[in-house]
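Novice: Chain by chain, the residues run as shown.
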Amino acid sequence: EDKVVQSPLSLVVHEGDTVTLNCSYEVTNFRSLLWYKQEKKAPTFLFMLTSSGIEKKSGRLSSILDKKELFSILNITATQTGDSAVYLCAVEADYGQNFVFGPGTRLSVLP
Amino acid sequence: NAGVTQTPKFRVLKTGQSMTLLCAQDMNHEYMYWYRQDPGMGLRLIHYSVGEGTTAKGEVPDGYNVSRLKKQNFLLGLESAAPSQTSVYFCASSLAGQGHEQYFGPGTRLTVT
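Heads up: the protein sequence lines correspond to chains V and H, in order. If you count by this note's numbering, then the first sequence holds residues 1 to 111, one letter each, in order. If you count by this note's numbering, then the second sequence holds residues 112 to 224, one letter each, in order.
Worth flagging that the hints you see were computed from the coordinates, not collected in a lab. For glycine and all other residues, C-beta sits at the position ideal for the given N, C-alpha and C. Hints may contain errors.
[As the list claims (entries may be wrong)] Result set (PhoX-like, lysine-lysine): computed pairs, CA atoms no more than 25 angstroms apart in a straight line:
#1 H/K168 x H/K182
#2 H/K181 x V/K37
#3 V/K3 x H/K120
#4 V/K41 x H/K120
#5 V/K3 x V/K67
#6 V/K41 x V/K67
#7 H/K168 x H/K120
#8 H/K125 x H/K181
#9 H/K181 x H/K168
#10 V/K40 x V/K67
#11 H/K182 x V/K40
#12 V/K56 x V/K3
[Unchecked claim] A few chain V residues that face chain H, going by a derived Cβ cut-off under 8 angstroms, partial list only:
#13 F45
#14 F71
#15 G82
#16 G104
[Stated by the list, open to error] Residues from chain H shown here face chain V by an in silico Cβ test under 8 angstroms; the list is partial:
#17 G151
#18 M152
#19 L154
#20 Y159
#21 V161
#22 G162
#23 E163
#24 G164
#25 P172
#26 Y175
#27 T197
#28 F201
#29 G218
#30 L221
Make the full structure from the sequences, and use the hints.
Specialist: Now the structure itself:
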């Protein structure tokens, strides 16, 4: 059975801290791994990773994939209160016909 | 472009009632998906469609039906609502094939009493 696990499930930090969110997976026919940020409503896209070892970066956020060990991390440096959200990891399988989501990590950034 | 839109935004049903949720996208995407999101469980795929006139079951299809008569629309039907179907429903779309992100609609909060 396809499975995506995220850790921690919940995290509380203070502004300026650096956080690392983890995502591990077991899926058949892996195609890509995606990270989304979900605030109050719809998830919004952050990164798509398809190759091992290549870091993707956007501002204070970065992510990397390890296809041998079947995991990915999402780093956020110098956190801000606006980073408070649920971060979802999803794995695309079967040529885009199946996306398996993890339960999400709820990040709270305190001022 | 509006992106992905969903109607209605909120709905309360009594057990046994039926309803249809509408998803529309204006990005000419081939693939469309319906998910439900419950606390602590992430998003679970109900049904999906890889093109007009085709649909397929996802992880949790029981109690739901779908139709994709037009490329831009994907309808999710509940024939006889049950309290277990109380959830937030998200529609998403993507370009065909692998390696494309999904774009999500704003969600529909459904309560079944």
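Novice: If a hint holds in the structure, say so; if it does not, say that too.
Specialist: How the hints compare with the structure:
no., hint, in the structure
1, H/K168 x H/K182, "holds (18 angstroms)"
2, H/K181 x V/K37, "violated (30 angstroms)"
3, V/K3 x H/K120, "violated (30 angstroms)"
4, V/K41 x H/K120, "holds (11 angstroms)"
5, V/K3 x V/K67, "holds (15 angstroms)"
6, V/K41 x V/K67, "violated (30 angstroms)"
7, H/K168 x H/K120, "holds (24 angstroms)"
8, H/K125 x H/K181, "violated (30 angstroms)"
9, H/K181 x H/K168, "holds (18 angstroms)"
10, V/K40 x V/K67, "violated (31 angstroms)"
11, H/K182 x V/K40, "violated (28 angstroms)"
12, V/K56 x V/K3, "holds (23 angstroms)"
13, F45, "holds (5 angstroms)"
14, F71, "violated (17 angstroms)"
15, G82, "violated (19 angstroms)"
16, G104, "holds (6 angstroms)"
17, G151, "holds (6 angstroms)"
18, M152, "holds (6 angstroms)"
19, L154, "holds (4 angstroms)"
20, Y159, "holds (6 angstroms)"
21, V161, "holds (6 angstroms)"
22, G162, "violated (11 angstroms)"
23, E163, "violated (15 angstroms)"
24, G164, "violated (16 angstroms)"
25, P172, "violated (13 angstroms)"
26, Y175, "violated (17 angstroms)"
27, T197, "violated (18 angstroms)"
28, F201, "holds (7 angstroms)"
29, G218, "holds (6 angstroms)"
30, L221, "violated (15 angstroms)"
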